[in-house]
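Now for the letters of each chain:
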Amino acid sequence: MLARDESPLKQTPLHTLHVARGARMVPFAGYEMPVQYPAGVLREHLHTRENAGLFDVSHMGQVALRPKSGRVLDAALALERLVPQDIVAVAPGRQRYAQFTDANAGILDDLMVANFGDHLVLVVNAACKADDEAHLRAHLSDLCVIDSLGDRALIALQGPKAETALTKFYADAAAMKFMDAGPRRVAGYDCFVSRSGYTGEDGFEISVPAVHAESLASALLENSDVLPIGLGARDSLRLEAGLCLYGHDIDTTTTPVEGALEWSIQKSRRHGGARAGGFPGADAILAQFEKGAPRRRVGLRPEGRAPVREGAALFPDATSTEAVGKVTSGGFGPSLNAPVAMGYLPSSLAAVGTSVCAEVRGQRLPLKVAAMPFVPNTYKR
Amino acid sequence: MTTLFTSDHEWLRIDGDVATIGVTDYAQSQLGDVVFVELPKVGRSLKKAEAAAVVESVKAASDVYAPISGEVLEVNDALAAEPALVNSDAAGKAWFFKLKIADKKELDGLMDEAAYAKHTA
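Note that the protein sequences, when read in sequence, are chains A and B.
As numbered in our numbering, residues 1 to 381 make up the first sequence, in order.
As numbered in our numbering, residues 1 to 121 make up the second sequence, in order.
For the record, the hints were derived by calculation from the structure and aren't laboratory data.
There is no bait here: all hints are sound.
Just a few of them, taken from the derived set where beta-carbon distance is under 10 Å, the chain B residues facing chain A:
no., residue
1, G32
2, D33
3, F36
4, E38
5, A51
6, V54
7, E56
8, S57
9, V58
10, K59
11, A61
12, A80
13, P83
14, A84
15, N87
Model, not experiment: these values are computed from the prediction.
Note that beta-carbon positions come from the ideal geometry of N, C-alpha and C, so glycine has one too.
Chain A with its partners taken away, still in its complex shape (with noise of 0.2 Å):
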C-alpha cells in the first residue's frame, strides 16, 4: 500500500503533530504520511473500533465543482457524464460514492460527491488528483469552473466515540447522518463535515482550512478517547470493511461491475433508466449488468493463520497449474483476529463458501471466499 515516489515529498498541515506524536513517517502518493504512531497498527486499529481514531487525510483531492449558470443541478449533469452514478439524485446537503470511468469501462479513480447547496464538492485519491482534476477541465469546463480546495486539510475522525468528540466542538453533530454532508462552523472554524468515512465505523470527515488544522486536530485529540491513527491501521480497518483501496482492488482494468460495486450505480443510469449511459465506458459496463463479468472482486478468508497478501496468485484447488485470479488486498484483520484479503475470482467460483487456493512462497493455502464486509458496518443511518 506505501507507494514509493523519489520526487520532493510534500507534508501535509498536520505534520508537526505527527512527528511530534512520535509517528513514523513514511512516503505515500507523493506525501510524508504517518504509517504509525509508538501505539502500533494493532493498538491503532482496535482502538478505533471501540473508541474513536484521528486520521491526517488532507493528502486526498478537494475539489468544488461550481457551476458556471449558478444552479448545482447544471454541475450534476456535468458530472455525469463522468460517472455512472446517479449526481442529480443527490439532495443538497447529502453525498455520495462515484466513481470516474473511461472509454475501456476501467475506473480512473472513485471519489465521494457532495452537493452544497449551490455546488458539488468531489473528495478524490491522492495519487490520482492532478489527473482527476485535469480530466474535470477537460470535459466539464464549459459549465463548471473547476476549483481545486488545496488550502484545506481533511481529518478523519472514526469511531463510536467520534460523535460525542466531534459534539464538543460541533454542537449538532449528533443530527447528521451517513451521508449527510456540507457547511458546518467546527470550532469556529469554517468547516466542510460529512458523516462518512473509510473505516466501516460511524464517524465525520472534517475539512477545515489548512491553517486551522493543526489547532483542530490537537482540539479533538485533547479527549482521551481519540487518538491519532495511521496510514498501517487505515488500511486494515478499511479491509475489514471491505471497503476498495484504488489501484489496488479496483484500477483501469477493472470495471466497476467486476469491482462489485453495482449497488453504487442507481437504476437511472442503467438500461431503461432516466438518464441512462452517457458515461465513459457505459456500453461495456451496462451490459455487465445485463451479461454478467466474466471476473469479480470478492471477500476472501484463508482458513489458517498465515496472512495472504497483494499479489498472491489465486487457484481452484491444490493441484492445477493455472492461476485464475490474484488477491489486491490482504493482511491481518485485528478485530478478527485473523487473516483477510479481497481478490478476483472467475465469477464460476464468486460465490460465498467457494474453496479455493492462494499460493503463498510455494505453498498452497486453502481460502473460502466471504461476504463482506467482514466486520459489520456502524453507520448512522
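Let chain A serve as the given structure and place chain B on it in line with the hints.
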C-alpha cells in the same frame, strides 16, 4: 554462552555446536505487531543467507535469513500459538529455531553485542 548478531537483526546464542536463533528487539520494534510466524521444518538443512522463517506483522511479511549454515534441530512451536511473543520477549521466549552449526568459521563474520549496538545506533 556467547551471543552474536547479524546486520539483518538476528541474534544467535552459541552453546557448543548448537546455535539458537531469533530476531532482535530492534527488529521487532521495526516490524510492529507480529501476527504470524512461519518456521522451518525440523531436519531441514539451511545454507547461510537462505530464507529460513517469515515474520508477518499487520502491515507486511519479512523474511528471516539463516545467519549461518546448519541443520534445523528444533523450532519454537510457542510462536505459532502466540506470535506476539516476538514483540514482548524477542531476545528470550521468542527464539525461532536451533541449528546444528555446520561450519564454525561462519561465526567469524558476526557482530558481538557492542558492535551490534553501534550498528543500530
